[in-house]
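*Asks:* Sequence:
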Amino acid sequence: MSPNLGKTTFTDAEMAKLRQDVAAYIERNGMTKRQFAADADVAEGTFGPWLNGQYAGNNDTVAAKVHRLIVSREEQARLVATVPEAPSWQQTKTAVKILTVLEHCQVFGDMGVLGMGPGLGKTHTIAQFKATRPRVWTAAMSPSSRGVPNALVAMLEAMGEDEAKGTPQALSRRVQKKAGPGGLIVIDEAQHLSQQAVDEFRSIHDRTGVGLVFSGDESVFQLFDGTRRAAFAQFHSRIGIRHRQSRPYAEDAEILAIAHGVTDGPSIKLLRDMAQKPGALRGVTKTLLLARRMAAMTDTPMSPAVIREAWAQRAPDMAA
1 MSPNLGKTTF TDAEMAKLRQ DVAAYIERNG MTKRQFAADA DVAEGTFGPW
51 LNGQYAGNND TVAAKVHRLI VSREEQARLV ATVPEAPSWQ QTKTAVKILT
101 VLEHCQVFGD MGVLGMGPGL GKTHTIAQFK ATRPRVWTAA MSPSSRGVPN
151 ALVAMLEAMG EDEAKGTPQA LSRRVQKKAG PGGLIVIDEA QHLSQQAVDE
201 FRSIHDRTGV GLVFSGDESV FQLFDGTRRA AFAQFHSRIG IRHRQSRPYA
251 EDAEILAIAH GVTDGPSIKL LRDMAQKPGA LRGVTKTLLL ARRMAAMTDT
301 PMSPAVIREA WAQRAPDMAA
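Residue 1 is where the sequence shown starts when you use UniProt numbering, and the numbers rise one by one after that.
Accuracy of the hints is not assured; some may be wrong.
Said to hold, decoys possible - In silico lysine-lysine, DSBU-like type, Cα no more than 30 Å apart, as pairs:
| no. | residue 1 | residue 2 |
| --- | --- | --- |
| 1 | Lys97 | Lys269 |
| 2 | Lys177 | Lys165 |
| 3 | Lys93 | Lys130 |
| 4 | Lys17 | Lys7 |
| 5 | Lys177 | Lys130 |
Note that these hints are calculated values from the structure, not bench results.
Model, not experiment: these values are computed from the prediction.
Please put together the full structure from these sequences, using the hints given.
*Replies:* See below:
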């Protein structure tokens with residue numbers, strides 16, 4: 001079956017109107033002609049003359065590409081208009097537990113550990129804390145930043161130093177100069193770190209008095225369990241506060257539901273049940289956003305049925 005390519009031929013009047021629409025679109029969106037031409041997959045040297053009505057080649061071919069871009073952007077705009085605005089960060093009970101660890105470590109220059117199941121809002125809550133407190137530096141680790149040098153480079157980037165280079169000793173000294181009492185270093189996804197990298201951050205904490213939090217999935221605690229890893233026994237006594245959590249609290253889902261304008265009992269009960277499934281609070285948030293968009297597009301009120309349908313579209317293998 002051949003694809004429907006949309007409109008491919010244009011009358012003189014349609015061509016003139018399309019040129020006017022394109023010029024207005026470019027001005028309205030603060031674009032350059034070069035940007036628009038690239039988006040439309042039209043050579044810049046072709047687009048300019050076409051827009052000015054001076055192109056000697058096949059104007060319909062250019063117009064078809066330009067028209068396709070304009071139509072697709074209009075459709076995208078209509079879709080975006082149906083998408084409800086996501087609520088801001090919400091202070092759930094889980095978030096309070098995370099904030100308690102972060103605040104304790106910053107105020108008292110202590111070391112803490114957060115080991116959380118997926119979808120509990122850990123990273124968003126850390127970002128909220130950073131946005132509302134001075135001298136908080138957060139760096140997310142990955143398999144590529146497992147070793148000492150790369151982990152320190154990631155931390156320096158979080159501290160505002162791009163493309164940091166040098167020996168591990170030099171990199172560590174630069175981190176120490178920026179850190180100090182009253183500050184907080186948060187190492188997210190810390191389960192990716194090597195033993196040496198964890199020890200390097202512990203050393204920075206000891207030397208500067210900066211607060212330090214290792215955050216990650218629940219396996220992060222294996223780095224500091226003295227009964228399992230003798231090499232890390234020294235960390236066990238240094239940890240001043242820790243929080244481990246696999247699933248959200250029941251009231252977390254209700255707080256998110258209310259933030260989305262959902263207040264009826266049956267819907268809240270359904271969302272509480274959903275929060276205990278894989279994906280946890282992240283799954284609830286994505287389901288609520290999809291359900292609200294579905295309700296808006298069909299002009300129907302939010303209900304357990306709409307929420308179930310949204311859940312089924314997101315996670316067809318998990319019954320709501």
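*Asks:* Provide an ascending list of the numbers of those earlier hints which the structure does not satisfy.
*Replies:* none
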